[in-house]
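The primary structure of each chain is shown beneath.
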Amino acid sequence: MKTTLCRECGQKPASFFYSETINGKKKEICLCHECAQKRGFEKEMNPFSSLFFSAPLFPEAEKEACPLCGMSLLEIQKSGKFGCSGCFDAFAEKLDLSPFVGKGCAEMKKAPKVAPEKEKSEVEKLKELLSEAVEREEYEKAAALRDQIRALEAK
Amino acid sequence: MYWYEKEAKVFSSVISTRVRFARNLEGIPFPARLDEAGREKVFSEIEKAFSKREIEAVRFDRIPPLVKAVYTETRLASPLLQKRGKGAGLILSREGSVSMMISEEDHLRLQAILPGKAIREAASLAMDWLSFGEKSLNFAYREGLGYLNSCPTNLGAGMRLSAMMHLPALSLSGKIPALSRALSEAGFTVRGMFGEGSSALGAVFQISNQKSRLAPPEKIIESAERILSEVEKLEQEEAARLYRENKTDLEDRILRAIGTMRYAKKMEYQEFIELYSLVRFGKALGMEEARKIGQLDRLLISLMPSSMQLLDASLSDPASRDEARCRKLQQEIEQ
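If you read the sequences in order, they're chains L and H.
Each residue of the first sequence is one higher than the last, beginning at 1 in my numbering.
Each residue of the second sequence is one higher than the last, beginning at 1001 in my numbering.
The reader is advised that the hints may include incorrect statements.
Some, not all, of what chain L presents toward chain H, calculated at C-beta under 10 Å [stated by the list, open to error]:
1. E28
2. S79
3. K81
4. C84
5. A92
6. L97
7. K127
8. V134
9. E135
Since the hints were derived computationally from the structure, they do not count as laboratory data.
Cβ atoms here follow ideal geometry from the backbone N, Cα and C, with glycine treated the same way.
Next comes chain L alone, as it looks inside the complex (with noise of 0.2 Å):
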């Protein structure tokens, strides 16, 4: 079994995967524990700050600032975080938001409430009351209802 090395330092084995296709091209990481961390992914955080960091920066970044909030494009592409609503209306079109956004962005206000509890296929019913079965030790019938799952599963 061959085992992915961390394509950051080469070293050790990688345990961090993740890939993305954006406009076609794909782009896959692979990093070791260490290196994840150095580059600040497993945190519950902007694993697209390297996509800023590799994004050329603006001539001028520094001197461009939010009017709202102050902060400069500079220091959004560093940080790979906005400052505030104005900064959007600042700086949007200038970076490149697209692996962000999706068609169905533009929809989201007037999306529908989240549909109700679906109703239950068949399978389902059957598989919560074979658990239930178990639970109350009737092994019989817990038998029967795992072949007709079997049964509905295999078509």
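With chain L's structure known, arrange chain H on it following the hints.
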């Protein structure tokens, strides 16, 4: 009762489900760029918006560090929220399943946490509270971008869905890295909840969506339901295979764990997680002795160091906690 005090109705690999939305108020800098006065204002505004519902407001500058630590341990708060200082805090629903972090990374992070596999229920609950707040709060939003948040991964629906799952079979077989790779293709990440990297302690993992761009929420929910079912199935199949091929070994390990649980006199939290994992695995395999133990998911939280100390101030040193841990555990097992 908070999420970690409740028990799921049906036993599954999913220990708990969390749905969280990030929102910011229009025209006000995000928390990192806001001063104390600004944060205070944001807190008051959000508190007012939800005042007609049964809530409890917890301003983080007015509570002792231990209480803050417990909120973080129970996933209601985070290390970042602890550091924020004046103006930041929590708003909690009295019922216990909905909690809001105020001025952590964004002005409002509203989450619903439910025991077991409860994606749709958690999402409905969170969205119900969110739309209630939206009546009086103006959330920053732009056409083409969706809801605005400080982190671009939260654009669009600003929704993160995560499930805490117990995957002992996949973990034992070393199949977690492969799972991680497969899930990342589908837009989900796998992270060990305790311990480091992919060699998670206790085989407890958090599976969550990477980005919320697949707005509207319905799409995220659908893909999450699919993914979680897939993972559950993989775990079940691997568990069945391991049991077939290593019955005696596995049963031996699990029964020893049960023995230790029943008779130990002191136990560190780390050891508890390892034993918990084996016993829960035994339950999943249908082992008689393990099934007698009953649900232990609640103890994952209540046996954490800060949580124990909060309930009993005398447990301020590790040694006394380690002993008390066994007593609590054995109490729970006897029921």
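How the hints compare with the structure:
no.: 1; hint: E28; result: holds, 9 Å
no.: 2; hint: S79; result: holds, 9 Å
no.: 3; hint: K81; result: holds, 5 Å
no.: 4; hint: C84; result: holds, 4 Å
no.: 5; hint: A92; result: holds, 7 Å
no.: 6; hint: L97; result: holds, 6 Å
no.: 7; hint: K127; result: holds, 9 Å
no.: 8; hint: V134; result: holds, 7 Å
no.: 9; hint: E135; result: holds, 8 Å
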